[in-house]
Amino acid sequence: MHDRKMNPTRHLATSLVASLMCLSLAAHAQESANADLDACVKEQQIVLTAKGAGMGALAGLGTALFSKNKDALKNAAIGAVVGGAAGFATAYFTAIDTCYKQNPAWIPESKIERTKAYAQVKKETKYKASEGIKAQATKLAMPATVKAGEALDIASTFIVLTPNGAETPVTLERKLFAIVEGKETPLTFTGKNNEERTVEPGEHQDTARLPIPPDAKAGTQYRYEFGVIAGGKPVSSVTSTVTVQ
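Per mature numbering (1 follows the signal peptide of the UniProt record, and there is no 0), the sequence shown runs over residues -29 to -1, 1 to 216.
In case anyone wonders, no lab produced these hints; they're calculated from the structure. Just to be clear, a hint being listed does not mean it is correct.
With a straight-line Cα cutoff of 27 Å, these simulated DSSO-like cross-link-like pairs (lysine-lysine) come out [as the list claims (entries may be wrong)]:
{"id": "1", "residue 1": "87", "residue 2": "110"}
{"id": "2", "residue 1": "93", "residue 2": "204"}
{"id": "3", "residue 1": "110", "residue 2": "163"}
{"id": "4", "residue 1": "204", "residue 2": "97"}
{"id": "5", "residue 1": "82", "residue 2": "72"}
{"id": "6", "residue 1": "82", "residue 2": "13"}
{"id": "7", "residue 1": "82", "residue 2": "110"}
{"id": "8", "residue 1": "13", "residue 2": "163"}
{"id": "9", "residue 1": "146", "residue 2": "110"}
{"id": "10", "residue 1": "110", "residue 2": "97"}
{"id": "11", "residue 1": "110", "residue 2": "154"}
{"id": "12", "residue 1": "188", "residue 2": "87"}
{"id": "13", "residue 1": "87", "residue 2": "163"}
{"id": "14", "residue 1": "188", "residue 2": "146"}
{"id": "15", "residue 1": "13", "residue 2": "204"}
{"id": "16", "residue 1": "94", "residue 2": "118"}
{"id": "17", "residue 1": "99", "residue 2": "118"}
{"id": "18", "residue 1": "118", "residue 2": "82"}
{"id": "19", "residue 1": "82", "residue 2": "204"}
{"id": "20", "residue 1": "99", "residue 2": "188"}
{"id": "21", "residue 1": "204", "residue 2": "110"}
{"id": "22", "residue 1": "97", "residue 2": "87"}
{"id": "23", "residue 1": "154", "residue 2": "87"}
{"id": "24", "residue 1": "154", "residue 2": "188"}
{"id": "25", "residue 1": "72", "residue 2": "163"}
{"id": "26", "residue 1": "82", "residue 2": "154"}
{"id": "27", "residue 1": "72", "residue 2": "93"}
{"id": "28", "residue 1": "118", "residue 2": "146"}
{"id": "29", "residue 1": "118", "residue 2": "204"}
{"id": "30", "residue 1": "99", "residue 2": "87"}
{"id": "31", "residue 1": "146", "residue 2": "82"}
Source: prediction; values computed, not measured.
Just need the whole structure built from these sequences, with the hints factored in.
In structure tokens form, the structure reads like this:
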């Protein structure tokens, strides 16, 4: 049999496909009670990762085609893998957001519970009716560390007080940021970023569940910020950071 040499372009395409197959096997979206959502997230992740891998391959394509360097194709293949892997963590949150936008019915209901009555909070804070409507984020509780592929629960506590003890509309803000090598990048928070609710006065707790990408690198940090707005006053917010082990 004749020993045939594969042309550079075909070899690059084969390497790219192999790289994408490996990345696809690692594309485990956080487990969900909704199988359709899981399937959608996995599909969107692969699509977005493929785009990243394609860009990585293009970075080495010029070298592969216009250089006689024997390592040119190898560099191009590495570019594909790096491009795909680098975009995977971002693609994870983008994929969930895309699926929710395509299927609004899949968005989970926010879990907001009243934890203290109006009279108790009024006494504890020495609130006076002359202060008008008061909304304040007071505490944010979440783990300091987490493993890639896990999910963590975030409990945000806030108080709402009104002069006459009547219920009032509030706006809740949920923001997420990734911190890599000291650079902070805003991400799309899974579920509802901004939400309008009408609540009774008192203390309330908002519980959010944050899935961590299965491929998140150790040392990556995620900063979560929760804010509450009411009565036309500036947002009151609390924030905390979790580190991937």
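Against the structure, the hints:
1. 87 with 110: 14 Å, holds
2. 93 with 204: 19 Å, holds
3. 110 with 163: Roughly 19 Å separates the two Cα atoms, so the pair holds.
4. 204 with 97: Holds. Residue 204 to residue 97 sits at ~19 Å (cutoff 27 Å).
5. 82 with 72: Cα-Cα ~20 Å, so holds.
6. 82 with 13: Holds - the C-alpha atoms of residue 13 and residue 82 are around 26 Å apart, at most 27 Å.
7. 82 with 110: This hinted pair holds, its Cα atoms lying about 16 Å apart.
8. 13 with 163: 20 Å, holds
9. 146 with 110: 15 Å, holds
10. 110 with 97: Roughly 18 Å between the alpha carbons, so the hint for residue 110 and residue 97 holds.
11. 110 with 154: With a Cα-Cα distance of about 25 Å, the restraint between residue 110 and residue 154 holds, given a limit of 27 Å.
12. 188 with 87: Distance of about 39 Å is beyond 27 Å: violated.
13. 87 with 163: Holds - the C-alpha atoms of residue 163 and residue 87 are around 24 Å apart, at most 27 Å.
14. 188 with 146: Holds, at roughly 21 Å.
15. 13 with 204: Roughly 41 Å between the alpha carbons, so the hint for residue 13 and residue 204 is violated.
16. 94 with 118: 41 Å, violated
17. 99 with 118: With Cα atoms ~45 Å apart, residue 99 and residue 118 exceed 27 Å; violated.
18. 118 with 82: Given pair residue 118, residue 82 holds - Cα atoms ~24 Å apart, limit 27 Å.
19. 82 with 204: Measuring from Cα to Cα gives roughly 24 Å; hence the hint holds.
20. 99 with 188: Distance ~49 Å between residue 99 and residue 188 Cα, so the pair is violated.
21. 204 with 110: 19 Å, holds
22. 97 with 87: Distance ~15 Å between residue 97 and residue 87 Cα, so the pair holds.
23. 154 with 87: 38 Å, violated
24. 154 with 188: 15 Å, holds
25. 72 with 163: Roughly 11 Å separates the two Cα atoms, so the pair holds.
26. 82 with 154: 31 Å, violated
27. 72 with 93: 40 Å, violated
28. 118 with 146: Holds: residue 118 and residue 146 sit about 21 Å apart, inside 27 Å.
29. 118 with 204: Since the Cα atoms of residue 118 and residue 204 sit roughly 38 Å apart, the hinted pair is violated (cutoff 27 Å).
30. 99 with 87: 18 Å, holds
31. 146 with 82: 17 Å, holds
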